[in-house]
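*Asks:* Sequence:
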Amino acid sequence: MKTILVPTDFSPAADNAMLYAANLASVIKASIHLVHVYQIPVSMSDVPVLLVSVEEMKNAAEKGLEKSKELLLKSFPGVDVRYEGRLGNIADEVNSLCKEIKPLTLVVGKHGATGMERILFGSTTLSLIKHAHCPLIAVPDKETHKPISNIALAYDGSGLNGLEQKIREFVQLVNARLHVIHVQVSGKETPGIKELLPELSPLHQTIRNEEFVSGIEKYIHAHHIDMLMVLPHKHNIIERLFYRTHTSEVLQKVNIPIMAFPEH
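Position in the sequence shown (first residue = 1) + 123 = the numbering used here.
Keep in mind the hints are simulated off the structure, nothing from the lab.
Some hints here could point you the wrong way.
Okay, the calculated beta carbon distance ranges per label pair [stated by the list, open to error]:
1) Arg-291 <-> Glu-223: 23 to 29 Å
2) Glu-372 <-> Ser-134: 21 to 27 Å
3) Lys-197 <-> Ile-224: 22 to 28 Å
20 Å max Cα-Cα, derived SDA-like pairs, lysine to any residue [unchecked claim]:
4) Lys-181 <-> Val-202
5) Lys-152 <-> Met-124
6) Lys-197 <-> Ile-163
7) Lys-125 <-> Arg-291
8) Lys-265 <-> Ile-343
9) Lys-269 <-> Ile-379
10) Lys-186 <-> Arg-209
11) Lys-125 <-> Lys-265
12) Lys-269 <-> Ile-343
13) Lys-269 <-> Ala-345
14) Lys-265 <-> Asp-132
15) Lys-152 <-> His-268
16) Lys-192 <-> Val-175
17) Lys-125 <-> Val-202
18) Lys-265 <-> Leu-194
The model shown is predicted, which means the values in this text are computed figures rather than measured ones.
Ideal Cβ positions, reconstructed from N, Cα and C, are used throughout, including at glycine.
Put together the whole structure using the sequences plus the hints.
*Replies:* Right, here's the structure in full:
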């Protein structure tokens, strides 16, 4: 049985993502593995002092996870659910768990794109995308648990980086229509785009738009897209310093679930 890994901090956004994952699990006959990663708070003084004990944090994690499981099973009683709490850094622990259980995907909550939520979102979700060894689905706060009928794959013309099998597997599991789209300012149709993933009979589309995210958003609304797939690429130090990556901008602005594949 395939497994969907769901990190949670017990927030409303995390609960919504968990229910989205549970709905997906019920459709593809997968199990859910909940994980809460906690760190021990330390006072900011000359001599660090633990504000609560490790045992207290562990117990709080167990209680929170049990409540989360109850909430999930109330809406999806037939889904197999397991959970665990871990002490450490969230990206490190989730990455370690990915290696252990090899999930089909991670599912996490996506907070809003302003203020502190943007900072937390950037430091957690983007970190997971960069370091996790499996795909990740970021779920907007108000996303309903509707079927995934149409999936758009944002293609940049540089190839699929060996991810054909993972893309094919997920699209076939949810029985969705795949749209392969490439946004560019002008010019002819993207070379090679029609040769991508032929066994899925996707709809291929080159979009003319000066803004990458704007082009994506217009296509999503016009074609009733339920999920956007993005393929992060490694960037050199100059690009990281002076340019925002498309993945970061898409994650912050697009208001449907986004499935991001790892960089390695």
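*Asks:* It remains to establish, for every hint, whether it holds in the given structure.
*Replies:* Status of each hint after checking the structure:
For Arg-291 and Glu-223, the hinted distance range of 23 to 29 Å is satisfied, since their beta carbons lie about 25 Å from each other. The beta-carbon spacing between Glu-372 and Ser-134, approximately 23 Å, falls within the hinted interval of 21 to 27 Å. For Lys-197 paired with Ile-224, a C-beta distance near 25 Å keeps the hint of 22 to 28 Å intact. For the hint pairing Lys-181 with Val-202, the CA-to-CA distance comes to about 25 Å; that exceeds 20 Å, so the pair is violated.
Distance check on the hinted pair: Lys-152 and Met-124 sit about 7 Å apart at the alpha-carbon level, within 20 Å; holds. For the hint pairing Lys-197 with Ile-163, the CA-to-CA distance comes to about 31 Å; that exceeds 20 Å, so the pair is violated. The suggested pairing of Lys-125 with Arg-291 holds, with an alpha-carbon distance near 15 Å, which does not exceed 20 Å. Taking the CA atoms of Lys-265 and Ile-343, the gap is about 17 Å. The hint holds against a cut of 20 Å.
As the CA atoms of Lys-269 and Ile-379 are separated by approximately 11 Å, the hinted pair is consistent with the 20 Å bound. A threshold of 20 Å between alpha carbons decides the hint, and for Lys-186 with Arg-209 the separation of about 13 Å falls inside it, so the pair holds. With a CA separation close to 26 Å, the supplied pair Lys-125 and Lys-265 exceeds the 20 Å bound. For the suggested pair Lys-269 and Ile-343, the alpha carbons sit about 16 Å apart, so the restraint of at most 20 Å is met.
Between Lys-269 and Ala-345 the CA atoms are separated by roughly 18 Å; this keeps the pair inside 20 Å, and the hint holds. Distance check on the hinted pair: Lys-265 and Asp-132 sit about 17 Å apart at the alpha-carbon level, within 20 Å; holds. For the hint linking Lys-152 to His-268, the alpha-carbon distance of about 16 Å falls within 20 Å, and the restraint holds. A C-alpha spacing of about 25 Å is found between Lys-192 and Val-175, which places the hinted pair above 20 Å, so the restraint is violated.
Proximity of Lys-125 to Val-202 is assessed by CA-CA distance (about 12 Å); at most 20 Å being required, the pair is judged to hold. As the CA atoms of Lys-265 and Leu-194 are separated by approximately 17 Å, the hinted pair is consistent with the 20 Å bound.
Comparing the model with each earlier hint shows violations of hints 4, 6, 11 and 16; every other hint is respected.
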